[in-house]
Amino acid sequence: MKFYIASRLNNGAAVSTVSALLEKRGGRLSYDWTKIQCPKNLDALKIIGESEKKAVFDADCLILLTPAGKSSHVEFGIALGRKIPIFLYAQTAEELDCERISAFYLVSGVKTFVGSLFSFVDFIYEEMKAVEI
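Just so we're aligned, residue 1 is where the sequence shown starts under UniProt numbering, counting upward by one.
These aren't lab readings, by the way, just hints derived from the structure by calculation. Mixed in with the good hints, there may be bad ones.
[What the hints assert, rightly or not] Restricting the straight-line Cα-Cα distance to at most 35 angstroms, the calculated cross-link-like pairs of lysine-lysine (DSBU-like) are:
hint: 1; residue 1: K129; residue 2: K24
hint: 2; residue 1: K70; residue 2: K24
hint: 3; residue 1: K83; residue 2: K46
hint: 4; residue 1: K53; residue 2: K40
hint: 5; residue 1: K70; residue 2: K35
hint: 6; residue 1: K40; residue 2: K129
[What the hints assert, rightly or not] Restraint ranges, calculated between C-beta atoms of paired labels, are given here:
hint: 7; residue 1: K35; residue 2: E99; range: 16 to 24 angstroms
hint: 8; residue 1: D32; residue 2: K129; range: 34 to 42 angstroms
hint: 9; residue 1: K2; residue 2: F104; range: 16 to 24 angstroms
By construction, the Cβ of each residue, glycine as well, lies at the ideal position given by its N, Cα and C atoms.
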């Protein structure tokens, strides 16, 4: 299973945790944006955007860790359009109230999980095993 993790820049530690746990189970991260330096110009930003777009197209599923930023929602939209499984994580139910979420979080193809990151990884693993990718 090849996966892409979308989230805010300041969620890098959680992204790295989920990635490491899935990789221990044989998963492969399609792109690790947590190691990128802040772009200094538009050319550098374009390279990042192209890399992230390709990574979402290469992934078998997209994982969205809330809270998520602008780019994460673009990546989420690409995954919706590709009709690949999307796994949405929130640490608490309050993060998913009507004031904070997008209507697209509720559409078919999006599986929502509230709880610990470790349990979330178990959830993803079991769901993707069922898809047999």
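Consistency of the hints with the structure:
1. K129 <-> K24: Within the cut-off at roughly 15 angstroms; holds.
2. K70 <-> K24: With Cα atoms ~29 angstroms apart, K70 and K24 stay inside 35 angstroms; holds.
3. K83 <-> K46: 25 angstroms, holds
4. K53 <-> K40: 20 angstroms, holds
5. K70 <-> K35: At roughly 19 angstroms apart (the allowed maximum being 35 angstroms), K35 and K70 satisfy the hint.
6. K40 <-> K129: Since the Cα atoms of K40 and K129 sit roughly 41 angstroms apart, the hinted pair is violated (cutoff 35 angstroms).
7. K35 <-> E99: 16 to 24 angstroms: Once the Cβ atoms are compared, 33 angstroms apart, the range 16 to 24 angstroms for E99 and K35 is violated.
8. D32 <-> K129: 34 to 42 angstroms: 23 angstroms, violated
9. K2 <-> F104: 16 to 24 angstroms: 23 angstroms, holds
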